[in-house]
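S.K.: With the hints as extra help, turn the sequences into a complete structure.
Each chain is listed here by its residues.
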Amino acid sequence: MAASTNYLLDTGIIIRELRGDARAAALLNRLAARGVLSASAITVFEIYQNCRSPAEEVAINELFDRITPRELTFESARLAGSIMRSHGSVFSSERTAPDALIAASAIVDGAILVTLNVRQFARAPVPGLLTLVIEQDSADWTAPAP
Amino acid sequence: MRSADTTRIRIGNNSIASNGDMVDERSLTLLKIERRQFLDGSLLVRGRVDRIQFDDAWEYPFSVRRRFLREMRPDFGNIDAFGIWRDREESDEDLLTKLGAQWGASGGFD
Numbered sequence: 029m030a031a032s033t034n035y036l037l038d039t040g041i042i043i044r045e046l047r048g049d050a051r052a053a054a055l056l057n058r059l060a061a062r063g064v065l066s067a068s069a070i071t072v073f074e075i076y077q078n079c080r081s082p083a084e085e086v087a088i089n090e091l092f093d094r095i096t097p098r099e100l101t102f103e104s105a106r107l108a109g110s111i112m113r114s115h116g117s118v119f120s121s122e123r124t125a126p127d128a129l130i131a132a133s134a135i136v137d138g139a140i141l142v143t144l145n146v147r148q149f150a151r152a153p154v155p156g157l158l159t160l161v162i163e164q165d166s167a168d169w170t171a172p173a174p
Numbered sequence: 003m004r005s006a007d008t009t010r011i012r013i014g015n016n017s018i019a020s021n022g023d024m025v026d027e028r029s030l031t032l033l034k035i036e037r038r039q040f041l042d043g044s045l046l047v048r049g050r051v052d053r054i055q056f057d058d059a060w061e062y063p064f065s066v067r068r069r070f071l072r073e074m075r076p077d078f079g080n081i082d083a084f085g086i087w088r089d090r091e092e093s094d095e096d097l098l099t100k101l102g103a104q105w106g107a108s109g110g111f112d
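From first to last, the protein sequence lines stand for chains F and W.
In terms of my numbering, the first sequence opens at residue 29 and continues consecutively.
In terms of my numbering, the second sequence opens at residue 3 and continues consecutively.
Take these hints with a grain of salt, some might be off.
To be verified - One-sided and incomplete, this derived list gives chain F residues near chain W with beta-carbon spacing under 8 Å:
id : residue
1  : G40
2  : L56
3  : E84
What the hints assert, rightly or not - Ranges between beta-carbon positions, derived for each pair:
id : chain 1 : residue 1 : chain 2 : residue 2 : range
4  : F       : A69       : W       : A59       : 38 to 44 Å
5  : W       : N80       : F       : S110      : 36 to 42 Å
6  : W       : Q55       : F       : A61       : 20 to 26 Å
7  : F       : R113      : W       : E92       : 30 to 36 Å
8  : W       : A59       : F       : G156      : 32 to 38 Å
9  : F       : A105      : W       : G79       : 30 to 36 Å
10 : F       : Q77       : W       : Q55       : 30 to 36 Å
11 : F       : S114      : W       : E91       : 35 to 41 Å
12 : F       : R113      : W       : K100      : 24 to 30 Å
13 : F       : S166      : W       : R88       : 32 to 38 Å
14 : F       : F102      : W       : D94       : 14 to 20 Å
15 : W       : E91       : F       : E103      : 38 to 44 Å
16 : F       : A105      : W       : K100      : 21 to 27 Å
Since the hints were made in silico from the structure, they are not lab data.
We put the CB at the ideal spot given by N, CA and C, even for glycine.
M.R.: Here it is, written out as structure tokens:
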């Protein structure tokens, strides 16, 4: 059986789902039909840290039951450090560290990073990183899905 | 490792396979006869299972179910989490910035 495509969802995509953006839900449905959805432990941390109530946490548990969490490994942490060093003009501050860690996780897992983050991931291509950059002003986010 | 004649695995604290091997409580190996039960949800497992060995490959339980049962695919527009942050006052950009800012905030640690 051929391995299915692994889509690593950036935090911004998850936020839009939680915000009730129908374009995000349609995108997730489309990608789930084509492969496996996953999210970095970095994204999991960011989302749970912003839960406001136990009820929200329960709902988000349900979401992450459907999105495979990816552990942060030594290899991805090492690679993230290398990305930040070699792409200093893009990953220039400590606030971009999570973006580098998520990108590194995608590379290590052989996943396609699905992101709204044009600034980091479209401007300076990271070697080995496959991206599906969503134009957030577009009315239909499913159109470019490979 | 489990032997070929293992017929049942229970998951949980101090769980053992029927051949007497200790079983990692966060992993589960299914025999072919158990797969349909797993897919239709009738195989009850104690404890959390993080990985499942299916066709000789370790996968996440939900990934296995989703791959084999199209009807189990979620509609992401129809789950409780969808829109649960709709009432947040921050813009999407502000919320992203807020999340990102936590990484750069000074916590007083060197």
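S.K.: Could you run down the list of hints and mark each one as holding or not?
M.R.: Evaluation of the provided hints:
A hinted interface residue such as G40/F counts as satisfied when its beta carbon comes closer than 8 Å to some beta carbon of chain W; here the least separation is about 6 Å, so the hint holds. About 4 Å separates the beta-carbon of L56/F from the nearest beta-carbon of chain W, less than 8 Å, and the hint is met. The criterion of a C-beta within 8 Å of any C-beta in chain W is met by E84/F, whose closest approach is roughly 6 Å, and the hint holds. For A69/F and A59/W, the Cβ-Cβ distance of about 22 Å falls outside the hinted range of 38 to 44 Å, so the restraint is violated.
A hinted range of 36 to 42 Å for the beta carbons of N80/W and S110/F is consistent with their spacing of about 41 Å. For Q55/W and A61/F, the Cβ-Cβ distance of about 25 Å falls inside the hinted range of 20 to 26 Å, so the restraint holds. Between R113/F and E92/W the Cβ separation comes to about 32 Å, which falls inside the hinted range of 30 to 36 Å. For A59/W and G156/F, the Cβ-Cβ distance of about 23 Å falls outside the hinted range of 32 to 38 Å, so the restraint is violated.
Restraint check, A105/F to G79/W: a C-beta distance of roughly 35 Å satisfies the suggested window 30 to 36 Å. Separation of Q77/F from Q55/W is about 33 Å and conforms to the stated range, judged on CB atoms against 30 to 36 Å. Separation of S114/F from E91/W is about 38 Å and conforms to the stated range, judged on CB atoms against 35 to 41 Å. At about 27 Å, the CB distance of R113/F to K100/W agrees with the hint of 24 to 30 Å.
A hinted range of 32 to 38 Å for the beta carbons of S166/F and R88/W is inconsistent with their spacing of about 20 Å. For the pair F102/F and D94/W, the beta carbons lie near 33 Å from each other, so the given range of 14 to 20 Å is not met. A C-beta distance of roughly 39 Å is found between E91/W and E103/F, which places it inside the suggested range of 38 to 44 Å. For A105/F paired with K100/W, a C-beta distance near 24 Å keeps the hint of 21 to 27 Å intact.
Violation of the numbered hints given earlier is confined to hints 4, 8, 13 and 14; the remaining hints are satisfied by the structure.
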